[in-house]
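Peer 1: One-letter residues, chain by chain:
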Amino acid sequence: MFLGIIVLLIASVLVFVMMHVLPGDPLLLFLGEQYLSYEPEQLDKIRHEMGLDKPVILQYFDWVGGVIRGDLGSSLTYQTPVTTMIKDRLPVTLILSFLALLVSTMLGPTFGVIAAIRRGKWQDTTLSVLANLGITLPVFWVGIVLLYVFSLKLGWFETLFTPASEDFGKFVMSLIMPVFCLSLFGTAAQTRQARSAMLEVAHQDYVRTAWSKGLRERVVVFRHMLKNGLIPVVTTMGMQVSFLFGGAVMVEKVFNIPGIGRMLVEGVNAKDFQVVQGGVLLMAVIIVITNLLVDMAYAWLDPRIRQSYR
Amino acid sequence: MRRQGDALATTVECAEAIEEAPPPRPEWKRVVRVFSRRKLAVAGLVIVVLMVLVAIFAPLLAPYDPYQTDILTKLQPPSSEHWLGTDSVGRDTLSRVIYGTRISLLVAVCAVALGAFIGQILGLLAGYFGGWVYTVIMRLIDAMMAIPMIVLALVISAVLGGGVKNVIIALAIGGIPGQCRMMCAQTLSVKQNDYVLAGRTIGVSNLRMMLRHIYPNAFAPCLVMMTIGMGATILAEAGLSFLGAGINPPTAAWGSMIDGGTRYLLRLPILSIAPGIGIMLLVFGFNMMGDGLRDALDPRMRGTV
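Residue numbers (the working numbering), protein chains in the order written: chain P, 1 to 310; chain L, 1 to 305.
Please note that the accuracy of each hint is not assured.
In silico negatives: residues of chain P with every beta carbon more than 12 Å from chain L [to be verified]:
(1) THR80
(2) THR105
(3) TRP211
(4) GLY238
(5) TRP300
So, partial list: chain L residues that the calculated Cβ filter (under 7 Å) puts toward chain P [what the hints assert, rightly or not]:
(6) ILE137
(7) ARG139
(8) ILE150
(9) ALA220
(10) ILE258
(11) GLY260
(12) LEU266
(13) ILE270
(14) ASN287
Treat the hints as calculated values from the structure; they're not laboratory data. Nothing here was measured: the structure is a model prediction, and the numbers come from that model. The C-beta atom is built at its ideal place from N, Cα and C for all residues, glycine as well.
Start from the sequences, fold in the hints, and give me the full structure.
Peer 2: Here it is, written out as structure tokens:
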């Protein structure tokens, strides 16, 4: 817990330093070409209003102080508080990521186990080829191909995203392709991992013992192999959330979904550093919390680790 | 006297026997043998080599100049003149896809090398010295890992501005955490070996110990990670360019080509699809090569064929 807070503090410094210490006047980024049309005094005034004339360290403490009070500053382009923007956009990103995580955690290990217990058979070959393809496909490209085939050609899905508040049925429909896209990498990666973990476990003495006791395949696989084989799958879940947020940035652009990812991209393109800072920090908080939960789940799943904590 | 002579003779016989015995097979030969038995790994290597050749000989292979615009032939469907059609300003898509190989490979090689260099130095220091050095470096790495790689790179390249050089820097920074953690873990385990203790006893300096004794023995898993990292970096570069924060047109980069094609998706889907296939091939090649290398370099596989 304590470690998590330290990591977050360092992350906040990182994010802040990236946005502030790098060369260039933030006002130039903010005002763009209008910068040249301002008098130096006017520029100083704006700088003072925005607190940009203070030393960077003070600016950092101002920002972190605000973050602790739940104030992430205001967007320079939209003139709305960043927290409001996040409140509007976080739910859809969370739903998208959660569904994608659900799909990949259910399908990935299942495929991996099937491939491992049918090693060398057609099931294994098919699943392995698909999994290897899945980790090579660019997420955004898959999205575009899906849009072309299923929306533009077949007309099964609408190209525009419908918010849940408008029409819930359409909202669910418009989530299908993005969730598929976002879960693709995770499903493929988990299939590969579960397959190799299961194959490794298959050589263990206790599995041979279980077979030689004459247990049925189902019992050996589920009760003896799966429990140990799936431990690495759980440990990578924290990493998965990080990948999901990275993928969400692109999927939200392809499918025009107003989530945190698109907010970040727009913020980056508009040089709206308050939005970018807030968005990145929010992602870091969620990822650190997930990692903490994964560590706890890991200890709960694996008695050996529980022992070593005592 | 006679006994001593016997002992001497036996020793000499032993020494001769040792000299006559075939020398131990060099490690790299075993690695090559294991690697070459993996069909997919060899396929990956072949793809990567072919793509490198395409990149080198792009001017000879490309039928047109990838930057030559021609409004009269804009948005042409695939034909015998333009195999993959032309884009919105009349540039030949096939030529741009071929030249795109250069950008992808250049960015990936430079970013992975730079990220590995910095990451491995940090990991070596953290693992070797331990204590507060370890704590400081690894907490910093933890913080970097709390930000998704593509988001980190997006922010950095946005602040630095796009372009090949800045994208390389951004992706290299994104690659540091993985390399650092791997090198640190390896250093911690290699450090336990007796030869490190022996070296320390005879007063080998820290620098020499790290570079001569620890680094070479800790490098193999990092190499595997670098190979697989090539694929991830190519995907990230394409993603950044797709988001408009990477390498922008007119430079022929696959990511921005896919983005540019989305506006004509209904009319000419090939504009977006073709560069994606390039990305897929190259990433597949590096991933399979990495898998093969991992199997071949895995210490548990030592002595097996």
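Peer 1: Please go over all the hints and tell whether each is borne out by the structure.
Peer 2: Structure-based check of each hint:
1. P:THR80, annotated as away from the interface, keeps every beta carbon of chain L farther than 12 Å; the closest lies near 21 Å.
2. Every Cβ of chain L is farther than 12 Å from the Cβ of P:THR105; the closest lies at roughly 18 Å, confirming the non-interface assignment.
3. Non-interface status of P:TRP211 relative to chain L is upheld: no Cβ of that chain comes within 12 Å, the nearest being about 23 Å off.
4. P:GLY238, annotated as away from the interface, has a beta carbon of chain L within 12 Å; the closest lies near 9 Å.
5. With a least CB separation of 22 Å from chain L, P:TRP300 remains clear of the 12 Å interface cut-off, as annotated.
6. Because the smallest distance between the Cβ of L:ILE137 and any Cβ of chain P comes to about 11 Å, over 7 Å, the interface hint for this residue is violated.
7. Restraint check, L:ARG139 versus chain P: the minimum CB separation of about 6 Å is within 7 Å; hint holds.
8. A hinted interface residue such as L:ILE150 counts as satisfied when its beta carbon comes closer than 7 Å to some beta carbon of chain P; here the least separation is about 4 Å, so the hint holds.
9. The beta carbon of L:ALA220 is not positioned within 7 Å of any beta carbon in chain P (closest approach about 18 Å), and the interface hint is therefore violated.
10. Hint status for L:ILE258: holds, given a least beta-carbon distance of 6 Å to chain P, under 7 Å.
11. Below 7 Å, beta-carbon pairs count as interface contacts, and L:GLY260 has none with chain P, the closest being about 11 Å; its hint is therefore violated.
12. The restraint placing L:LEU266 at the interface with chain P holds, with a minimum CB-CB distance near 5 Å, inside the 7 Å limit.
13. Because the beta carbon of L:ILE270 sits about 10 Å from the nearest beta carbon in chain P, more than 7 Å, this interface hint is broken.
14. Given hint, L:ASN287 at the interface with chain P, holds; its Cβ is 6 Å from that chain's nearest Cβ, closer than 7 Å.
Checked against the numbered hints above, the structure violates hints 4, 6, 9, 11 and 13; every other hint is satisfied.
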